[in-house]
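Sequences are here, hints too, so could you generate the full structure?
Heads up: the sequence lines are chains P and S, in that order.
Quick note on numbering: our numbering labels position 156 of the first sequence as 516, and the sequence is numbered without any gaps.
Quick note on numbering: our numbering labels position 412 of the second sequence as 772, and the sequence is numbered without any gaps.
I should point out that these hints are in silico values taken from the structure, not numbers from a laboratory.
Warning: the hint list may mix true and false statements.
It does not matter which identical chain is meant; a pair holds if it fits inside one copy or across any two.
[To be verified] Straight-line distance between alpha carbons at most 25 Å, and here's what the computed SDA-like set of lysine to any residue pairs gives:
no. : residue 1 : residue 2
1   : K569      : G470
2   : K569      : T649
3   : K645      : A593
4   : K800      : L625
5   : K569      : G670
6   : K410      : E529
7   : K707      : R601
8   : K800      : E467
9   : K569      : Y627
10  : K376      : V612
11  : K566      : A593
12  : K634      : E430
13  : K634      : K707
14  : K566      : Q671
15  : K569      : T669
16  : K800      : T669
17  : K569      : T618
18  : K391      : S570
19  : K569      : F367
20  : K366      : S570
2 protein chains.
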Amino acid sequence: MADVLKFIDSELGRFKSELYDFLRIPSISAKSEHDADTRSAAHWLADRMKDAGLSAEVLDTPGHPIVLGEWRGAGDDAPTVLIYGHYDVQPPEPLDLWESPPFEATEREGRIYARGSADDKGQLYMHVKALEAHLATNGTLPINVVVIAEGEEEVGSPNLVPFVEANAERLGCDVVVISDTAMFAPGLPTLLFSLRGLAYFEIVVKGAKSDLHSGEYGGSITNPANALAKIVASLQDEDGRITLPGFYDDVVEWDEETREQIRSLPYDDEEYRKELDVPALAGEKGYSTLERLWIRPTCDVNGMLSGYTGQGAKTVLPNMAMAKVSFRLVPDQRPSRVKESLEAHLKQVTPPGVDVDLIEVQGGRAWRARVEGKFFDAAAEALEEAFGTRPALAGGGGSIPIVGEFEEKLGAPALLVGFSLPGSNLHAPNEWLAIENYEKGIGALALLYEKLAQ
Amino acid sequence: MADVLKFIDSELGRFKSELYDFLRIPSISAKSEHDADTRSAAHWLADRMKDAGLSAEVLDTPGHPIVLGEWRGAGDDAPTVLIYGHYDVQPPEPLDLWESPPFEATEREGRIYARGSADDKGQLYMHVKALEAHLATNGTLPINVVVIAEGEEEVGSPNLVPFVEANAERLGCDVVVISDTAMFAPGLPTLLFSLRGLAYFEIVVKGAKSDLHSGEYGGSITNPANALAKIVASLQDEDGRITLPGFYDDVVEWDEETREQIRSLPYDDEEYRKELDVPALAGEKGYSTLERLWIRPTCDVNGMLSGYTGQGAKTVLPNMAMAKVSFRLVPDQRPSRVKESLEAHLKQVTPPGVDVDLIEVQGGRAWRARVEGKFFDAAAEALEEAFGTRPALAGGGGSIPIVGEFEEKLGAPALLVGFSLPGSNLHAPNEWLAIENYEKGIGALALLYEKLAQ
Numbered sequence: 361m362a363d364v365l366k367f368i369d370s371e372l373g374r375f376k377s378e379l380y381d382f383l384r385i386p387s388i389s390a391k392s393e394h395d396a397d398t399r400s401a402a403h404w405l406a407d408r409m410k411d412a413g414l415s416a417e418v419l420d421t422p423g424h425p426i427v428l429g430e431w432r433g434a435g436d437d438a439p440t441v442l443i444y445g446h447y448d449v450q451p452p453e454p455l456d457l458w459e460s461p462p463f464e465a466t467e468r469e470g471r472i473y474a475r476g477s478a479d480d481k482g483q484l485y486m487h488v489k490a491l492e493a494h495l496a497t498n499g500t501l502p503i504n505v506v507v508i509a510e511g512e513e514e515v516g517s518p519n520l521v522p523f524v525e526a527n528a529e530r531l532g533c534d535v536v537v538i539s540d541t542a543m544f545a546p547g548l549p550t551l552l553f554s555l556r557g558l559a560y561f562e563i564v565v566k567g568a569k570s571d572l573h574s575g576e577y578g579g580s581i582t583n584p585a586n587a588l589a590k591i592v593a594s595l596q597d598e599d600g601r602i603t604l605p606g607f608y609d610d611v612v613e614w615d616e617e618t619r620e621q622i623r624s625l626p627y628d629d630e631e632y633r634k635e636l637d638v639p640a641l642a643g644e645k646g647y648s649t650l651e652r653l654w655i656r657p658t659c660d661v662n663g664m665l666s667g668y669t670g671q672g673a674k675t676v677l678p679n680m681a682m683a684k685v686s687f688r689l690v691p692d693q694r695p696s697r698v699k700e701s702l703e704a705h706l707k708q709v710t711p712p713g714v715d716v717d718l719i720e721v722q723g724g725r726a727w728r729a730r731v732e733g734k735f736f737d738a739a740a741e742a743l744e745e746a747f748g749t750r751p752a753l754a755g756g757g758g759s760i761p762i763v764g765e766f767e768e769k770l771g772a773p774a775l776l777v778g779f780s781l782p783g784s785n786l787h788a789p790n791e792w793l794a795i796e797n798y799e800k801g802i803g804a805l806a807l808l809y810e811k812l813a814q
Numbered sequence: 361m362a363d364v365l366k367f368i369d370s371e372l373g374r375f376k377s378e379l380y381d382f383l384r385i386p387s388i389s390a391k392s393e394h395d396a397d398t399r400s401a402a403h404w405l406a407d408r409m410k411d412a413g414l415s416a417e418v419l420d421t422p423g424h425p426i427v428l429g430e431w432r433g434a435g436d437d438a439p440t441v442l443i444y445g446h447y448d449v450q451p452p453e454p455l456d457l458w459e460s461p462p463f464e465a466t467e468r469e470g471r472i473y474a475r476g477s478a479d480d481k482g483q484l485y486m487h488v489k490a491l492e493a494h495l496a497t498n499g500t501l502p503i504n505v506v507v508i509a510e511g512e513e514e515v516g517s518p519n520l521v522p523f524v525e526a527n528a529e530r531l532g533c534d535v536v537v538i539s540d541t542a543m544f545a546p547g548l549p550t551l552l553f554s555l556r557g558l559a560y561f562e563i564v565v566k567g568a569k570s571d572l573h574s575g576e577y578g579g580s581i582t583n584p585a586n587a588l589a590k591i592v593a594s595l596q597d598e599d600g601r602i603t604l605p606g607f608y609d610d611v612v613e614w615d616e617e618t619r620e621q622i623r624s625l626p627y628d629d630e631e632y633r634k635e636l637d638v639p640a641l642a643g644e645k646g647y648s649t650l651e652r653l654w655i656r657p658t659c660d661v662n663g664m665l666s667g668y669t670g671q672g673a674k675t676v677l678p679n680m681a682m683a684k685v686s687f688r689l690v691p692d693q694r695p696s697r698v699k700e701s702l703e704a705h706l707k708q709v710t711p712p713g714v715d716v717d718l719i720e721v722q723g724g725r726a727w728r729a730r731v732e733g734k735f736f737d738a739a740a741e742a743l744e745e746a747f748g749t750r751p752a753l754a755g756g757g758g759s760i761p762i763v764g765e766f767e768e769k770l771g772a773p774a775l776l777v778g779f780s781l782p783g784s785n786l787h788a789p790n791e792w793l794a795i796e797n798y799e800k801g802i803g804a805l806a807l808l809y810e811k812l813a814q
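Spelled out as structure tokens, the structure:
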């Protein structure tokens, strides 16, 4: 193992420069004009897997391809580890807020700035390099490995579950390892105990046959934008509780041990407030900020549009208003039940004089880890050895719906071992990854493979 | 008088073709790329006034110019009539919804389709032609005339009041005549007894320093778009009453005579509902549709914007949300008091965790006519003679803030005598004016000048 870590140390310059090549490919899955780039990133990744000593294929799907890397030389007694990541990235817009070009990795203040550096190319590539370190040093790996890298994570992974179902045998494994999350704080390696799910909708309120003059017609019909405001406002009460009928029926009340573990983390509300630059924190009554972020559901408007939004006054009475509204879910909520509940609620609160359409845009279940067992312990040990401190146990506010799907379809527990840091601007301009974490992360993963085999 | 009307009849073809030249000039006051067009429309109009026998000037303002036409040959015993109109038009967008080009007048089904045909070039030009008919036939006019045509009505007339104040003596008059409104129904000439005022605001809710990931941060801070929905929803109660403190203090309760007059008009809720294609009409409890449109104030969202509004899901927690919210006012409400009241309301209802800015965009007072007196009677007689039926007395839902200003600054009553028709797509694609009303309107105005002198 010492040689493996020494190899990583000596090759770090090359490992970074290869990553920068990967980051240079604008594999923006949401934009069809980047389809060729996205495919090119898949092929680039497959080639690097081969360079590392894996076999690798680019497999077509109805959308962007899936890259599958394999090494099965550890024998039947060794565990098989499925490593999941994604090679697609979010759109970089707004471009003018980037301090350096989004697709030209730039080192500043110990960080690698580029779209995808943290989410998820940088973290996915750590695995490729950790695998290479073993194979280059020892000619072998302590585990059997399947790496599955998709190109549609940022668009809701529409083709991944069908792929997993169709290839369940080939993807069969004992444990799933995913590096697409953050450490709780610099220097504090982290294992996740949960992820929130997502139920994302578009609510469209429709009024008259066309936009109308607000003077000529105002007062006589329901304004769809006013109606939409009433609808959105009705989704939460004064205590920040979501008002949909039965919404909390499936919400797990977490054990006191987990809540105590959350309280023990190094965290300060005032620092968090200052970092976000808001006048005050707010959320569901009766819960701390970290609990609100990890173990409680939310209702957030992600977008809203109606009428005239340019400069100055246009006295239009719009005939349409739209809001994108999403709920972050916690175990054991299900998107389909939230949809039913929202439909029932809309029937109750929609004012007369308008029609409402509810469109389901995206959904994914929440996930709760088994925070025990030999694989979990192995991960904790590897992180402690690499970072010199016992890992934190943290929740994840975001959603990686595939985690629950992997566990269900493959019958293997998932380990969420991530190396980005809070504030690393995922999905925003100036995304970054700490160079130190790129280096230590590769080492930690190399150690993890070793310990998973024990 | 018979000769004047005969002249109008014989010259109608030319009157239309001149109007089509006027309509061809895209004098879109809101768009600076059309500044030259707007100025060119002013000069075209001044030239036509001269052709008609008036003296005419194009007078500069800090914005678009004002055209002033004068004829003062009727002597001191004759009344002086100020005719107001505007030569600027609304932007034509969305262009793809026009069935014929917006700046190429097209006759279909007895209508002239073009931007500005009804609002207000067509109606303004009727006056020029009615004046010409008198002067060409008799070499004189029964009244002294000042025609004031502005080029900024569609952008809130920022320079008109200062102009009126600076030129009060030159604009001195006994009565103001404005043709920028509609008849209540085809064949039913109409005099307005009121106009609503306007108080137009932008409410901007600001949260964190930047957009955030709705998974990573959702639940811990106030979402500005959710907060904006709460604010907008709070502006009206379940009965459609506006909740701002003191909002109704200055609202005039109209006399039973006026309400009876409104009830007597040929109007049907179900026809109106079908025409607008809404599932139901709605508005303030306790009032009929026409009362809601004319004598009761409103609160309408004109535009709303926050976060991601493109296709599909973007899990953004926006850091800004904006709504354009306007109130139509009735006598004796004042925009300044509404602003104070809205400010007080925002302080009460804004949830913690966000900041709110209130921006005043536009304001104008409501107007109430004196529905009696010799000028009013003269107008009623002229309309009855031209259309063969007693004119209706109707309210106006829209706002022409200058009406009240003229009355106050010049000490003369205003007559609102308009010839467009309901549904003529003002401020929308496919604006039109009935050809019959263009012809009859010119005759009615020629008669009006005659009767105002009696």
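Have a look at K634 and E430 and pick one of within, between, both or neither, based on CA distance no larger than 25 Å. Answer is neither; intra-copy 46 Å and inter-copy 65 Å both fail.
Should K569 paired with F367 be assigned to within, between, both, or neither, using CA atoms and 25 Å as the limit? neither (69 Å within a copy, 42 Å between copies)
Intra- versus inter-subunit Cα pairing at 25 Å for K569 with T649: Between copies only: 18 Å across chains, 45 Å inside a chain, cut-off 25 Å.
Intra- versus inter-copy proximity for S570 and K366 (alpha-carbon distance at most 25 Å): neither (69 Å within a copy, 41 Å between copies)
Alpha-carbon proximity between K569 and T669, which holds within one copy, between copies, both or neither at 25 Å: both (20 Å within a copy, 22 Å between copies)
When no copy is specified for K800 and E467, does a C-alpha distance of 25 Å or less occur within a copy, between copies, both, or neither? within (17 Å within a copy, 76 Å between copies)
Homomeric proximity label, K569 with G470: Cα distance no greater than 25 Å: Cα proximity of K569 and G470: across copies only (23 Å, versus 57 Å in one copy).
For K800 and L625, with the copy left unspecified, which applies at a CA distance of at most 25 Å: within, between, both, or neither? So K800 and L625 pass the 25 Å test inside one copy only (22 Å; across, 82 Å).
Copy assignment of K569 with T618, given that the CA separation must stay at most 25 Å: neither (54 Å within a copy, 31 Å between copies)
If the cut is 25 Å between Cα atoms, do K645 and A593 qualify within a copy, between copies, both or neither? Intra 17 Å, inter 22 Å, cutoff 25 Å: intra and inter.
Intra- versus inter-subunit Cα pairing at 25 Å for K376 with V612: neither (42 Å within a copy, 74 Å between copies)
Are the CA atoms of K566 and A593 at most 25 Å apart within a copy, between copies, both, or neither? Intra 18 Å, inter 17 Å, cutoff 25 Å: intra and inter.
Consistency note: the structure conflicts with the earlier hints numbered 10, 12, 16, 17, 19 and 20.
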